[in-house]
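In the order they appear, the protein sequences are chains A and B.
Going left to right, the first sequence walks through residues 1 to 236 as my numbering numbers them.
Going left to right, the second sequence walks through residues 1001 to 1444 as my numbering numbers them.
Hints are computed from structural coordinates only; laboratory data are not their basis.
Careful: at least some of the hints might be erroneous.
[Stated by the list, open to error] For the chain B half of the interface with chain A, some residues (derived, Cβ under 10 angstroms), not all of them:
1) V1035
2) T1044
3) A1053
4) I1055
5) A1066
6) P1067
7) R1128
8) Y1129
9) G1300
10) R1357
11) L1426
[Claimed, not checked] If you anchor each label on the Cβ, the simulated ranges turn out as follows:
12) A/P179 <-> B/A1322: 17 to 27 angstroms
13) A/P179 <-> B/S1026: 49 to 59 angstroms
14) B/D1078 <-> A/L66: 32 to 42 angstroms
C-beta atoms are modelled at their ideal positions from N, C-alpha and C, and glycine is treated no differently.
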Amino acid sequence: MKRPGVPHRRPAAERAKRAAALAGGPDGAGQADAKPAAALAGGPDRPGQADAPALARARQVAAAGLLGGACCAWAAWPATGAAQTALLVIAAGCVAADLMRLATPEAAVGMADAFSSITVRLWSWGYGLIRQLPLAEGAALAALILEATHPSRPWHTGLLGAALLCYLLATHLAESSAPARVLRPQLPALAAGLGLLILGVGAAMLPATAPGLGSGSLRVLAAVAAIIVGALALPL
Amino acid sequence: MTAPGGQALAREVAARADPPGGMGRSTELAPRWGVSAHARRLLTLGLAGLVIAVITRRAEFAGAAAPALLLLAGWRRDQPGRIDATARPSATRIFEGEQTAIEMVITGHGEYDVELVVHAHESVESARYPVRAPAGRAVLPVLMTRWGRRPTGICEIILRDRWRLAEGRAVLALPRIDCYPEPAEQHTTILLNRLPNRLGEHPARATGEGVEFGGVREYVPGDRQRRINWPATTRRGGRLQVNTFAAERSQDVLLLVDASCDVGEAGFTPLDLALRGAVAAARAYLAASDRVGLITYQWGLSWLSPGHGERHFFKIVEAILAGPRTRSREYSLERLPRSAFPPGAMVLVFSPLLDQRFVETLRDLRERGHFVLVIDVLNAEPGSIRGSIGRLGRRYWRMEQQAIRFSLHELGIGVVHWDGRQSLDLPLAPYTRRAQTSRRRGRG
């Protein structure tokens, strides 16, 4: 009874194969961008491949979260006063909220409308608020202030600075779903910056010949001058 | 096009129909440039480190700020003011649940990296995460979850410089993709006992030129010699006997889709099921060389005259997607032209039977002698009111629905229920086993 000319829906396996072929793109353009396409193409037919981009992103988000948590803990240790505890709570809260923002892509959150339930509307409003607040900046700022509340410990501060930089870079990679290799052009600047960081920490560890206001200010000025010189000298 | 064997036809239909918006055309966009969130974070870290260093006179904070400030030194000002973006879908017409892809080509972005973020329509699934487009090319997967003719969504094009400090954003509307209702599974067809005198594939009672054996009769001059049945001739004492064959006829099938209400769970509303069932029936009857027409009952009537062939299948689906073209208030089928409603046609009705005027229309159809079979696609019931009042209301509503179906049954109109998940062959089984009678009152 079935005439071959009349269209019938393709079987699931054929459709999945076709979608996988489409995901590869014409003339093989952009294998990197084929990953999300392959994930969707996998769908219910090929669940194994559907997890690849989600796993990569989960790794990036986890790395950002771990680095943020480590920065907070490192800056707070040892937390003694109430002010330090409050700063720690603020920093940790910012890291946690930013982690939630990174873990939930914007496309996954539906827009609430007039007919949505209270829960959906609250979730949508809260998610919008989280997206608008500068949470990573807040976490970095709180961690630096927390570190400043402690007595001078140059190597500790230097490590915190490096960790905070890594946290910000990881946050950027996670929110843009970009691989770490996009940071390759910045490697010279990163190396120079870390060198300056080591210089600054070393300068701070040197015993002052004449303790006082002038000595500390001069050290800071020397560090700022070194940064400016480094920026001017970098082959950008 | 997704239909095997019909790709050339699909291209023809696509060329004649309204072209989906923006398909394959290059669009010039002006990105809005600004400081990226990454740059803002680095600036915050650098400035905060410097300020704390100055306030506390601790040089290690200036050192901690150094990497961030050096990274900010890579800011560039030569951002492209215009880019060209092209979105080209690999298929503009697909069935529900099928996947397709949109090829994005971005030019004029220079050395800037391109990322694409898809904000898909609610019934469209696409990549949830940003998609990188090396060399300005990327393929966006698209999965249509519900039938309809609607835009796919929008694509946000994000340009980033090498140092990820500047960010340009532009928005491109993705092309429209027509999504056909997914045909339900149907392999069997209902056959009427009286078929119009038109060549087809159904063996009729009348003798003709078909291939199905009909009987043996005595030879008369003019009969073809190859049809002489020699064993029968021998048994009848030498008088020549010839074989007769059943004529092969086709029938007219009218699909009457009640689109007047759309209630229940999205994706399984009566309208969804009615359209899926109608597409399945159209496919099954067209495959049997029958002529299939479509009448859509919504705020008015719209119709497509019966036709046959592969091309007509796409006409039916396009008519389903297009919906009623006019807002006429005409509900009666009597005023339809004869070409749209041929006498003796079998009428398959996909309806939730919630509109009383539609029930009256069915009664009228039956009284005109048509074989009418209603496929009840209602799978929801009112459930918003709780408590005893709600229970009473639901009970009253159920009794009313039962009364409607009973009255149709008494008129000789068969009513079968279809839940949309099982094959359509199952509810239709009592009617596909034998030929159905038209122009006579009685069940089926």
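Consistency of the hints with the structure:
1. V1035: For B/V1035, the interface hint is violated, since the closest Cβ of chain A sits about 12 angstroms away, which is over 10 angstroms.
2. T1044: holds (4 angstroms)
3. A1053: Holds: closest Cβ of chain A sits about 5 angstroms from B/A1053, inside 10 angstroms.
4. I1055: For B/I1055, the interface hint holds, since the closest Cβ of chain A sits about 8 angstroms away, which is under 10 angstroms.
5. A1066: Holds - the Cβ of B/A1066 comes within 10 angstroms of chain A, reaching about 4 angstroms at its closest.
6. P1067: Hint holds; B/P1067 Cβ to chain A Cβ min 3 angstroms, cut 10 angstroms.
7. R1128: holds (5 angstroms)
8. Y1129: Given a least distance of 5 angstroms, the restraint on B/Y1129 holds.
9. G1300: Violated - the Cβ of B/G1300 stays beyond 10 angstroms from chain A, reaching only about 28 angstroms at its closest.
10. R1357: violated (28 angstroms)
11. L1426: Because about 17 angstroms separates B/L1426 from the closest Cβ in chain A, which is outside the 10 angstroms limit, the hint is violated.
12. A/P179 <-> B/A1322: 17 to 27 angstroms: violated (45 angstroms)
13. A/P179 <-> B/S1026: 49 to 59 angstroms: violated (29 angstroms)
14. B/D1078 <-> A/L66: 32 to 42 angstroms: Holds, since B/D1078 and A/L66 (Cβ atoms, about 37 angstroms apart) stay within the stated range.
Against the hints set out earlier in the document, violations occur for numbers 1, 9, 10, 11, 12 and 13.
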